[in-house]
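What the sequence shown shows, in my numbering, is residues 5 to 703, in sequence order.
Source of the hints: derived by calculation from the structure; they are not laboratory data.
Note that the coordinates shown come from a computational prediction; the quantities given were computed from them, not determined experimentally.
Any given hint could be a false lead.
To be verified - With a cut-off of at most 25 Å between alpha-carbon atoms, the simulated PhoX-like pairs for lysine-lysine come out as follows:
1. LYS310 - LYS389
2. LYS167 - LYS310
3. LYS140 - LYS484
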Amino acid sequence: MMAKTLNSQKLYTRMRLWEFPDQYIIEPTDGSSGSCLAVSRVNGSMTLVDEVPHCSSVRVPKIQTVFGVLGMLKLLAGSYLLVVTDRETVGTYLGYPIFKVTSLRVFPCDHSLRNSPEEQKRMESEFSYLLKVAEKTRGLYFSYDVNITLSAQRLNDLGDETKLLPLWRQAEPRFLWNSYMLEVFSDNKLDPYMLPVIQGSFSTFQSAIGVDIIDVTLIARRCTRRTGTRMWRRGADPDGYVANFVESEQIIQLKGFTASFVQVRGSMPFLWEQTVDLTYKPKFDILRPEEAPRVAERHFLDLRKKYGNVVAVDLVNTHGGEGRLTRQFATSVQNILSDDVRYLHFDFHHICGHVHFERLSILYEQIEDFLIKNRYYLLNEKGEKAEGQIGIVRTNCVDCLDRTNVTQSMIGRKMLEYQLRRLGVFDAEENISTHPNFDDCFKILWANHGDDISIQYSGTPALKGDFVRFGKRTPEGILKDGWNALMRYYLNNFVDGTKQDSIDLLQGHYIVSVTRDMAPTAPKGGIEAIASFPLALALITMGFFFTILSLMRVRSDYWQLLISLIWAGLSIAVATFDDSLVSHHHGGRNVYIRREKKGKMCISVYMSMMIASHTMSFRDLQKGDKYILNEQGGPKEDECIKSYQPQGVSVWEGAEAVHLQAEEIKLEYSRNIVTNSRVTPSWREIVSLTVLVKLASYT
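Input sequences plus hints: build the corresponding full structure.
If you want it as structure tokens, here you go:
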């Protein structure tokens, strides 16, 4: 129960956090007359108090300034409070200041851990490590005065009553990064403390064209429904929510007018993945292709509801593994194509190659009519809505990063020129490139936009960024792309699994359960000994380093080209060798069953868990190339006849199956980060999570 309720709905902009032994006190210090928030360090409960408790010589608290409360996480042995400890002003949105989170901290709020079993303490220690990773989250933005989760058009269309609500209640749930963490606070009606935050990008510049002063702003809002890192979040979920879905809004303000244009990006909307296996480019796996039309339909119905008409621009290659994806995409949307939903394939690499990005004009000619017909949002000098955007361009490549950003920047440029002509700034023949200062600022704006989105998803800046930034490809840019590609390889294989687990904790995608998460640990076995490959990692890293070093010297010595090829070959050889030993998958309890040569079947058990070795009985397993069973859903009931649950592990048997001669197989599950959780392994533990059992020929 709250001691009292709050009357003011205005957010506190500056607070003082007092760390007492038994509680945290958050005291508003921005001139507000509100009550202080007390958070118990014993059980995580919250109450409002009139003043800070008396401090004695024995009871000396630590004091820290904070600029916002992001929320609270409820984990296994306690709660954790997340606060903004530093910020910087990055510009204004519709006249209101926007801040970037430059530092956040996680404070534990439960001392009951002292009396917990050792196993529970160990698990909480692992969760604490993931929260330390969370403290490094990049690209968080907020405002104390305006709802930045909504585009300018949607913000204008809000009803008067909605505009009076606290900012977190106005927020678009898809783009509210800390929605899950605010749930505890919403139950206690602590509106002035509840700071809504987005993840994405915010950049702005002001420039003059003639006598006109123009403010240009570019915002990225990342959707939280299927958020994650590059190789660990691909495609769509069964509800049609796609990975790396980002809404980009370009806003201009001049002469009292405000114009806004929105476009989106997102992974191809069907079930597919790339399982990290130490190869440079793991093969694409399309999952349950029979469900693809239904998933795509859900995705596009959601886009239609939120944005209006849709043209999907697919930039993926026609041939190779990417070709399989683009063919599946085209097939999936075939039944929903109409005047409202269009699909356009544009093979970016085939048409533009690596340097001829000016050929994107071919793509623009194909979508120009759609852009003009579906318009943009325009607010006139009287503050009246003069025009509204009624359609959206949805762009994708495989990652929705590099090719996508080049394409979106081109579309943004064309629409900005169209708007400036409409407002009388440009004449019919004038364009952005005729104003060098403005042109340079615009290129930098979109280059930074692409880098921010790419760093959050892949860990590195966007590739092809030199074209967006300078309007052409440069030797330095090509070398930088090579280095960033190698860094992506390293991060995807050895870092992003832990980062994904941290994201899942913050977003509530992994809910901690005491009964489920308490299982005995397994001693390290022989297979786990193979898992530690520091030498292999060192060789790969060294090979990549000398490859880049040699390439940088090619201009002065062409023998360096041969040397670079040798180093690259050695690196690939080491990675290929590791691939024969290593394979893993993220996403809870997954069992893959795939066909092998010579009539044998191979069961790959990918477990993000830690349990003791035991014997399982496998009978009548599903026949097929791949059968995915996971913690969140599992197969449909009519597809199953039994469920084994040894120590909390669900192993389903298919109704349509082949009988295996081997009835019992001993599977050893080795140690991972957290017991029976969705937390992924560190790179040293990858091998131990894959158990390949060769069975006798099935009958």
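Check whether the Cα positions of LYS310 and LYS389 lie no farther apart than 25 Å. 18 Å, holds
With the threshold set at 25 Å, check whether the alpha-carbon distance from LYS140 to LYS484 stays at or below it. Roughly 24 Å between the alpha carbons, so the hint for LYS140 and LYS484 holds.
Tell me if the straight-line CA distance from LYS167 to LYS310 falls inside 25 Å. Within the cut-off at roughly 19 Å; holds.
The structure shown violates none of the earlier numbered hints.
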